[in-house]
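Visitor: Fit chains B and C to the known structure of chain A by using the hints.
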Amino acid sequence: MISSTSEIILSIEDLHASVEDQEILHGVNLIVKEGEIHAIMGRNGSGKSTLSKVIAGHPSYKVLSGSIQFKGKDILELEPEERARIGIFLGFQYPVEIPGVSNLEFLRVATNSRRKELLKSELDTFEFEDLVNERLKIVEMDPGFLERSVNEGFSGGEKKRNEILQMALLEPVISILDETDSGLDIDALRIVASGINRLSQPNSATILITHYQRLLNEITPDFVHIMADGKIIKTGNRELAIDLEKSGYDFLDKTTKEKEVTK
Amino acid sequence: MTQTNTVEEIVSQPYKYGFITEIETEKIPKGLNEDVIRLISAKKNEPEFLLKFRLRAYEQWLKMKEPNWSNLTYSKVDYQDLVYYAAPKQDIKKKSLDEVDPKLLDTFEKLGIPLSEQKRLSNVAVDAVFDSVSIATTYKEKLAEHGVIFCSISEAINEYPDLIEKYMGTVVPINDNFFAALNSAVFSDGSFVYIPKGVECPMELSSYFRINSGDTGQFERTLIIAEESSSVSYLEGCTAPMFDTNTLHAAVVELVALDNASIKYSTVQNWYAGNEEGVGGIYNFVTKRGECRGKKSKISWSQVETGSAITWKYPSCVLQGDNSIGEFYSIALTNNCQKADTGTKMIHIGKNTKSKIVSKGISAGQSKNSYRGLVSIGPNAEGSRNYSQCDSMLIGDKASANTYPYIQSKQPQSNIEHEASTCRISEDQLFYLQSRGIDFEESVSMLVSGFCSDVFNELPMEFASEADKLLALKLEGSVG
Amino acid sequence: MKSSTICKEWLDSLPTPEGYLKNEQSIGREFLLEKGMPSKKDEAWRLSNFKKLNSFLSLPTLIDSEDVQFIFPEKDENRERIIINPNKNPILDINLPNGIEKLNNREIEDNIGTIVKSTNIKNDISVCLNQASSSELLALKIKRNFNQSLEIVIPSIEGKSISTRIFLLLEEGAKLDLLQIFTGNKNSAQNHLTEIKLESKVELIHGLISFGEEKESSSICTLAVEQSEKSKYSLHSIHHGWDYARFEPRIIQSEGEASTIIKGLQVTKSKEQIATHSLIRFEGPNGKLDQLQKAVASEYSHCIFNGSIEVPQKAQKTEAAQLSRNLLLSKRARIDTKPELEIVADDVRCTHGATVSQLQDEELFYLLSRGIDNKHANSLLLKGYYDEVISHFPKSAGKWNFIEKLIQDIKK
Numbered sequence: 001m002i003s004s005t006s007e008i009i010l011s012i013e014d015l016h017a018s019v020e021d022q023e024i025l026h027g028v029n030l031i032v033k034e035g036e037i038h039a040i041m042g043r044n045g046s047g048k049s050t051l052s053k054v055i056a057g058h059p060s061y062k063v064l065s066g067s068i069q070f071k072g073k074d075i076l077e078l079e080p081e082e083r084a085r086i087g088i089f090l091g092f093q094y095p096v097e098i099p100g101v102s103n104l105e106f107l108r109v110a111t112n113s114r115r116k117e118l119l120k121s122e123l124d125t126f127e128f129e130d131l132v133n134e135r136l137k138i139v140e141m142d143p144g145f146l147e148r149s150v151n152e153g154f155s156g157g158e159k160k161r162n163e164i165l166q167m168a169l170l171e172p173v174i175s176i177l178d179e180t181d182s183g184l185d186i187d188a189l190r191i192v193a194s195g196i197n198r199l200s201q202p203n204s205a206t207i208l209i210t211h212y213q214r215l216l217n218e219i220t221p222d223f224v225h226i227m228a229d230g231k232i233i234k235t236g237n238r239e240l241a242i243d244l245e246k247s248g249y250d251f252l253d254k255t256t257k258e259k260e261v262t263k
Numbered sequence: 001m002t003q004t005n006t007v008e009e010i011v012s013q014p015y016k017y018g019f020i021t022e023i024e025t026e027k028i029p030k031g032l033n034e035d036v037i038r039l040i041s042a043k044k045n046e047p048e049f050l051l052k053f054r055l056r057a058y059e060q061w062l063k064m065k066e067p068n069w070s071n072l073t074y075s076k077v078d079y080q081d082l083v084y085y086a087a088p089k090q091d092i093k094k095k096s097l098d099e100v101d102p103k104l105l106d107t108f109e110k111l112g113i114p115l116s117e118q119k120r121l122s123n124v125a126v127d128a129v130f131d132s133v134s135i136a137t138t139y140k141e142k143l144a145e146h147g148v149i150f151c152s153i154s155e156a157i158n159e160y161p162d163l164i165e166k167y168m169g170t171v172v173p174i175n176d177n178f179f180a181a182l183n184s185a186v187f188s189d190g191s192f193v194y195i196p197k198g199v200e201c202p203m204e205l206s207s208y209f210r211i212n213s214g215d216t217g218q219f220e221r222t223l224i225i226a227e228e229s230s231s232v233s234y235l236e237g238c239t240a241p242m243f244d245t246n247t248l249h250a251a252v253v254e255l256v257a258l259d260n261a262s263i264k265y266s267t268v269q270n271w272y273a274g275n276e277e278g279v280g281g282i283y284n285f286v287t288k289r290g291e292c293r294g295k296k297s298k299i300s301w302s303q304v305e306t307g308s309a310i311t312w313k314y315p316s317c318v319l320q321g322d323n324s325i326g327e328f329y330s331i332a333l334t335n336n337c338q339k340a341d342t343g344t345k346m347i348h349i350g351k352n353t354k355s356k357i358v359s360k361g362i363s364a365g366q367s368k369n370s371y372r373g374l375v376s377i378g379p380n381a382e383g384s385r386n387y388s389q390c391d392s393m394l395i396g397d398k399a400s401a402n403t404y405p406y407i408q409s410k411q412p413q414s415n416i417e418h419e420a421s422t423c424r425i426s427e428d429q430l431f432y433l434q435s436r437g438i439d440f441e442e443s444v445s446m447l448v449s450g451f452c453s454d455v456f457n458e459l460p461m462e463f464a465s466e467a468d469k470l471l472a473l474k475l476e477g478s479v480g
Numbered sequence: 001m002k003s004s005t006i007c008k009e010w011l012d013s014l015p016t017p018e019g020y021l022k023n024e025q026s027i028g029r030e031f032l033l034e035k036g037m038p039s040k041k042d043e044a045w046r047l048s049n050f051k052k053l054n055s056f057l058s059l060p061t062l063i064d065s066e067d068v069q070f071i072f073p074e075k076d077e078n079r080e081r082i083i084i085n086p087n088k089n090p091i092l093d094i095n096l097p098n099g100i101e102k103l104n105n106r107e108i109e110d111n112i113g114t115i116v117k118s119t120n121i122k123n124d125i126s127v128c129l130n131q132a133s134s135s136e137l138l139a140l141k142i143k144r145n146f147n148q149s150l151e152i153v154i155p156s157i158e159g160k161s162i163s164t165r166i167f168l169l170l171e172e173g174a175k176l177d178l179l180q181i182f183t184g185n186k187n188s189a190q191n192h193l194t195e196i197k198l199e200s201k202v203e204l205i206h207g208l209i210s211f212g213e214e215k216e217s218s219s220i221c222t223l224a225v226e227q228s229e230k231s232k233y234s235l236h237s238i239h240h241g242w243d244y245a246r247f248e249p250r251i252i253q254s255e256g257e258a259s260t261i262i263k264g265l266q267v268t269k270s271k272e273q274i275a276t277h278s279l280i281r282f283e284g285p286n287g288k289l290d291q292l293q294k295a296v297a298s299e300y301s302h303c304i305f306n307g308s309i310e311v312p313q314k315a316q317k318t319e320a321a322q323l324s325r326n327l328l329l330s331k332r333a334r335i336d337t338k339p340e341l342e343i344v345a346d347d348v349r350c351t352h353g354a355t356v357s358q359l360q361d362e363e364l365f366y367l368l369s370r371g372i373d374n375k376h377a378n379s380l381l382l383k384g385y386y387d388e389v390i391s392h393f394p395k396s397a398g399k400w401n402f403i404e405k406l407i408q409d410i411k412k
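Taken in sequence, the protein lines are chains A, B and C. 1 is the number of the first residue of the first sequence in the working numbering; add one for each residue after it. 1 is the number of the first residue of the second sequence in the working numbering; add one for each residue after it. 1 is the number of the first residue of the third sequence in the working numbering; add one for each residue after it.
Bound-form chain A, shown alone (with noise of 0.2 Å):
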């Protein structure tokens, strides 16, 4: 499916970013082409979230120096809901309740935002009811779920699952999902990454910021990546994953140590 003619989607440079006056990261290189899945793995506060909320334009965070291009143009001036649009999806590590403002609105009026912007013809409530239908069995959710408030009450594989019907309404470019296997039971983690395998296409591309292994074993990413101290320290296969899995991060201060002692 890779080949090395496929497009690049997202090409991250050098990029420099901070929250609330603190640099998180520190320089952080990443090229994602068409059909590939990555994987990027770390520590709690290497960075990975900062990663995929600077990518997605949350307002909280600043970039200082570098670029991001999607499809070769800048995107960072763009406001997170034109990025939206163009087709990058971020999948909430926590997905935040809405209380009073419905689901099945919501739904609609984000999905109508990015078929606008596709050039396709908006859907009106009853079209939208079919479509959304189609897509809750990917997730094997209740349509009960429309019915209610955006994410309120929603247990912890509830939301995660709401947030793959939203990667499956807006069809997004790129996905990047953010710890999407964290507080999830072994079924609903099948059932989100089989969602996630389901949706990707092969002019698509997907991002995975996992903290545990266990979710490779559903996804077979393309590349591994490990983030510290926000960089991305190595890159290699699954190999370097089920390393990780085995020796725990601590195998990875051994390496930096000994570059540092070669530096």
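FYI, nobody ran anything at the bench for these hints, they're computed from the structure. Hints may be right or wrong, so weigh each one.
[Said to hold, decoys possible] SDA-like cross-link-like pairs, simulated, lysine to any residue; straight-line CA separation at most 20 Å:
id: 1; chain 1: B; residue 1: K398; chain 2: C; residue 2: R281
id: 2; chain 1: C; residue 1: K375; chain 2: C; residue 2: E319
id: 3; chain 1: C; residue 1: K288; chain 2: B; residue 2: S421
id: 4; chain 1: A; residue 1: K73; chain 2: A; residue 2: S204
id: 5; chain 1: B; residue 1: K398; chain 2: C; residue 2: E319
id: 6; chain 1: C; residue 1: K331; chain 2: B; residue 2: K398
id: 7; chain 1: C; residue 1: K331; chain 2: B; residue 2: N352
Guide: Okay, now just chains B and C, sitting in the frame of chain A:
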């Protein structure tokens, strides 16, 4: 905080109903005295008892002081500089809509309230009040078939004097407060509703109030009586042109619900709020009260308050009948220099009475938005319960949100629960919506609507969307 | 008699202003003379029992210097005790432990009234009543090296009205465990004003036990606290057994960045009226407040709570929570509660709540179904209800038997 600034911009929307209708108006000279009251009464051909009612109220009013206890400061009203009666010049006894000045019909059509046979709203009967008089009431005949009386209060005074004499001033006594006394003395028009025993009113009833003259005080009076086992849903809407002076609006609304009767009273208030610097706008000093006189009766107030320079309003329920129910659902949105002091009083007198209060205040700009409410459980109100929830949302760091709940209980076999919270539009929620491609304005609007959804759910179907639109209108950016 | 006449007569009965508080006395008296006593129209006093307030003023103020003996429980080893015997000049009499110093006259002059001013209560009637009549002041500086607990006892005197005043300055970084005890007496009245200044990084745990016990005892107590940044103040108060009591804690976080905890309990029976009027104001960002006020009213009594929280524009990121929980145990008793929020800052988290109810039937039934009789079951539940406040008092406070007193009431 650029984010907040933009949210503020979104909330600041120009007033869309600020136009003035050019129409010849009959006004009486400015000022208030006994002769003016006699003149108003004479113009309306009122029976003797009503003139006496007015004069008694005037006498009381002279003895009363303007209240100053609420969290409001405003330039004092000069009561001698107001016109107490203004009416578009036309034949008062109009038989059909064809005889109503087309300019007036146009005015209401522009406001989204078409009155003509072809265009009028289906399943909603409308009483349109322009300045001091009611100019038309739709669906009268259809309602009459069910025995429902829906007409202007002036008409009711002449045609159903017994009902007026029996009920007017019994819920809000003439000396209840300064503005109620003033209203009782000079009220011009308003709506009257009577639902006979056992009748479920077949359609929504609605009054639409329009202030057109700048120097005229608007003093309308509404009386709704729901006989045993009857029910009605009523909605009032209000707008006014933009003047740079303040116009006084001091209405009185009285509701009476007898055994098993139920009244739902909804208000969408969008009087002119004044400009950004706080010049002009309506002073909205209103007394609204409902009495659940009968067993198992129910009165439910819902209000969406977006207009007026100053609002001072506490729609209340006196829960006299055993097992009666009172409800109050409110959304108050203030911006710029608006001040709103609003809430409710739930007076539990009968046994097993229940009340529920849900109040949502949104304050932006330098506005002041206060919830003030009283829950009182009397010594005989065994088994009574109240639940109150007051939430405030602040937009920008100059707006203020205050909560003053007075809670009082003299009955141990009762339960009162009050909860209040304050928040702002959460950055995380905003980002979440935006990251799904929903633009900023729509996201803000969605969050504000979501914040208010508990109250929207209580509005009559036909008007929930109107109210939502009204909020969205105030929240919409330059797009529209 | 009209309350204005009573007030005037009371003022006339006071000795002419003299001593180092002369100036304060004059200010208070002038204000009262001009403003007079409050009426039902004053929002802060509208629920007050004016008959009781008037009889508060009609007791003769103590001027003789006859020594009165009190019997108090033995003092705790680690707890320094100061008894404010209103007949004596308290400043002259006490030996102070290491780490506590009296303020000298200069310091008194510099500090007195400053907290009253910063908490914006200098025109409060309760404060003016105290100012007008207090002739002595206990003014202490708690230094950083003070490592004991402090107990201040303020007794009442039969048939008399007394006025006492305290000023505490806690120096930067000081830690203090303070227990303040107020006791009533037959036909007595006491008016008290405490001003406390917490400099930065001060931690003060303040227990306040106020019990009237005897018939016709009344108390008006104002507590003005100013907290500097990074200070922690927790107030745990109990008011019980007064025929008429009014407690007014006024706390200001003058720079924000501080934390305040308040747990208050008031219990009334027979025809008593006890009121708490609290006000907490944040004058800077990142302040925190956690307030719980409990009240229990039985028989013919009346409990009042009025709690204001003010969050002005400069107090961004304030987190304040206030909860008023009330038990109404009799048909003739009455509860009034009014938790108020005034907020101008947008980035804040403020909540308040209030409940009024009786003891929960289900809980009661559960106990009864286990064979516990009604009285016991009720007292067990009440004890549980009190516990949220009581459990915060230091163990040594137990010597004052206040828990027993609270429980005894229930058994009746």
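Visitor: Now tell me, hint by hint, if it's right for this structure.
Guide: Hint by hint, here is what the structure shows:
1. For the hint pairing K398 (chain B) with R281 (chain C), the CA-to-CA distance comes to about 17 Å; that is within 20 Å, so the pair holds.
2. With a CA separation close to 40 Å, the supplied pair K375 (chain C) and E319 (chain C) exceeds the 20 Å bound.
3. Between K288 (chain C) and S421 (chain B) the CA atoms are separated by roughly 15 Å; this keeps the pair inside 20 Å, and the hint holds.
4. Annotation: proposed proximity of K73 (chain A) to S204 (chain A) holds, straight-line Cα distance about 16 Å (limit 20 Å).
5. A hinted pair counts as satisfied when its Cα atoms are at most 20 Å apart, and K398 (chain B) with E319 (chain C) qualifies at roughly 18 Å.
6. Proximity of K331 (chain C) to K398 (chain B) is assessed by CA-CA distance (about 45 Å); at most 20 Å being required, the pair is judged violated.
7. Annotation: proposed proximity of K331 (chain C) to N352 (chain B) holds, straight-line Cα distance about 15 Å (limit 20 Å).
Consistency note: the structure conflicts with the earlier hints numbered 2 and 6.
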